[in-house]
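Below are the chains, spelled out letter by letter.
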Amino acid sequence: MDAAQIHARLVERFAEAVLGFEQELIDPAIAVAAGRIREIAQYLRDDAALQMDFLRCLTGVDRRETLEVVYHLLSTVHLHTIVLKVQVAPDGARVDSVWDLWRTAEWYEREAFDLLGIGFTGHPDLRRIMMPDDWEGHPLRKDYVFSGEYHGITAERSDGLDAFGAPATDKKAAQARGAAAAAAPPSAEEPSATAATVSAEVAETTSPVEPPVAAEKTPRIDEPGESPSTGKASRLSPPTAFQPAMHTAKADPVEGYIQLNMGPHHPASHGVLNFLLFTDGEILSRVIPDVGYLHRGMEKLAESMPYASTMPYTDRIDYLASMFGNWGWALAAEKLLGIEVPPRAEFCRVIAGELNRIASHLIGTGSTSLDLGAFTPFVHWLRERETVNDIMEMICGARLTYNYMRIGGVARDISQQVVDKTRRWLDHFLGIIDEFDRLISFNEIFVKRLANVAVISPQDALSWGLVGPNLRASGVAWDLRRAEPYSVYPELQFDLVLGKGWRGQVGDAYDRFYCRIEEMRQSVGILRQAFDRMPEGEIRAELPRKIKPAANEVYSRVESARGEMGFYVVSDGTDKPYRARYRTGSFTSMSIIEHLSPGLMVADLVALIGSLDVIAPEVDR
Amino acid sequence: MTGPKLEQRIEPEEELALPNVLTTRLDLALNWFRKSSVWYLLFATACCGIELMQTGGPRTDLDRFGAVFRSSPRQSDLLIVAGTITYKMADRVRLIYNQMPQPKYVIAMGSCANCGGLFTPSYSVVNGVDKIIPVDFYLPGCPPRPEALNEALIKVQEKIQGEPWFKKIKVAR
Ligand code: SF4
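Protein sequences, first through last, are from chains A and B. Residues are numbered in this note's numbering as their position in the first sequence, beginning at 1, plus a constant of 13. Residues are numbered in this note's numbering as their position in the second sequence, beginning at 1, plus a constant of 195.
Don't read these hints as lab results, they were simulated from the structure. Using N, Cα and C, we set each Cβ at its ideal position, and we do this for glycine too. Among the clues, some could well be false.
Here are a few chain A residues that sit away from chain B, every Cβ distance over 10 angstroms (derived from the structure) [stated by the list, open to error]:
1. LEU314
2. GLU347
3. LEU413
Interface residues of chain B toward chain A, partial, derived using beta-carbon atoms under 10 angstroms [what the hints assert, rightly or not]:
4. ASN226
5. PHE228
6. SER231
7. CYS242
8. GLY251
9. THR255
10. PRO268
11. TYR318
12. PHE332
13. ASN345
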């Protein structure tokens, strides 16, 4: 069913609640009345002919006069998509929550509340997710200005220049002199104050839990006035008492349970992730993930620079699989501009992407074994990964943050030398995978740690928006390379690797682990085919000198190593995106942990995190 | 057989002593021990952490220098801040630093830890970890290559070797 037909059905059923239809958009959107969104969403999900069982992305856009909530829906059964939009007033913005229709919405709505100040009625736990609890304002609002100081840490540079290395403006120079180090610049005062009141009000009226108050609960830098780089005393200052900064009714101590904090610095937590554990001895009663420790504000940064300049930032969304960030961003811009990429460039992309998928799965599976106590397999994988790094260096000059793709093509051609080296390595690597299997995958102790642990049913996997190997391990055959083919994937042969319950049940931690091993084998096959079929020709399309797409909206998606990576880009006709939104696999995998954890052992939690292959920058962006 | 025979090793005492005695300053000896076992904390916050991991891997192999990773700050001598520090993380970095025993050293690895790097204009990123904790060495790069991190470790060793160790202990108390 295409968008027009879906629109017709909605009009037929809800008549006046359907406010508009933006058919000219690349991904057509239907505007609906804010008060009816729940009803309409439920209909879309439950109607047999529609079956929108997957909420791809939920986010907000600040349209200045109004705030817009955007829902990207997908039916994995009928393979159709639709975008819903709801307009709300910026002060006291409120819309019905859909968290119980698609459980993944719980975290998406928290994010929209945190970064845009949109309230969701009926949400079970509406509080900040990325920013600290005592943060002021909502950063993705267009009128947001950062005060330049948080807990005594200032954002100034020691050389007095501004953030881009240019001479500071008068206002900033005044700030540097200490005139208003702590206070917000006058222009910022009003909007941020309004936003703060709004958020407090929203939290009060909509959330059944206590609104986030009590700033003094958060551990502060002990001597805010003193700069540690100059003062010797700070080196010797006593450690601050640690308190988890999670102000939610859920996090209150429970009688009979031990409250334990795991992270944000924890050797088995895959980057800076934090978990609040409630345990009864070894058994977990609840795990509350706390994220945002690596929230680098990339979406806001993308709004401040031209399309091409965002490319290096997309490397860092998921640094283990940078190519896919590049790819998704290039694809978004290409769709907005309506450019065709030359065939050779498409093959270069596939080759670089699949190599990167292998490199990423090496770390994913290797660190799982490391977390469970097996160091040797991890070191084997590190050795193999060094070769991939070498090949990547030959392709694009970088080992980790590739910045290889360009809007309209790729930066450099793939030479015959690279092809030969990669072919030789692939022959060797297939043997090494078998060796790895003998060493660890089929090791009895290792299998027992993973089999039948944290089983995810297909329904749960879809409801929580899991993607990539995590979704396929639950037996759902969904891979964007197949389902919504892009680039030259339709020409290439490969199998979807689905969870089979290799050592336990379908969808357990072992399936998630072994799916990745099998996917590496598939990637080897794809690479060999790509080398055979790569045509000669151009590697970059003709582009206008200044990239200035017409006003439009696009949701581009690629199948990253961690599943669907989506880029929702709103263009307003200028050379900078009006809004850029990154949808990532780890964010949703992280949100399911709370649901899966009750009844697990503490050690199983490590296996669960490892098998989901979550990575902090992708969660936080 | 080039090695000495067993009977030859059992020699009169005065002869045995001479080739096996080494005189040195206590500082030098202690520093030599210390620099040969710089244990670093596994503290990877972002992309640079992956290169830190590769550096610990087989090719660059930091173990050669006696540097092995520890999971607890209480057992580490060296804090390699590998990656971006956000305001939300800042308090925890300070806490980790304070948990490390004296004497301790800090490498700010990568542009983010040096000055905020790519994310300097962002609203949520601390522009340099030296705003929170003292830093001994700044390692530029985005991310720095393993070879560069190796060099930084050697620099730390050089610093340790040159330190009047007893004096440092006094300061710490
Ligand atoms: S310096 Fe570059 S590679 Fe390192 S953490 Fe920062 S962005 Fe990532």
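Results of checking the hints against the structure:
1. LEU314: violated, 6 angstroms
2. GLU347: holds, 24 angstroms
3. LEU413: Non-interface label fails for A/LEU413: nearest chain B Cβ at 6 angstroms, not farther than 10 angstroms.
4. ASN226: violated, 20 angstroms
5. PHE228: violated, 23 angstroms
6. SER231: violated, 22 angstroms
7. CYS242: Since the shortest Cβ distance to chain A is 4 angstroms, the answer is holds.
8. GLY251: It holds, given that the least Cβ distance between B/GLY251 and chain A is near 8 angstroms, below 10 angstroms.
9. THR255: holds, 9 angstroms
10. PRO268: Hint holds; B/PRO268 Cβ to chain A Cβ min 8 angstroms, cut 10 angstroms.
11. TYR318: holds, 4 angstroms
12. PHE332: At 13 angstroms from the nearest chain A Cβ, B/PHE332 fails the 10 angstroms test, so the hint is violated.
13. ASN345: Because about 14 angstroms separates B/ASN345 from the closest Cβ in chain A, which is outside the 10 angstroms limit, the hint is violated.
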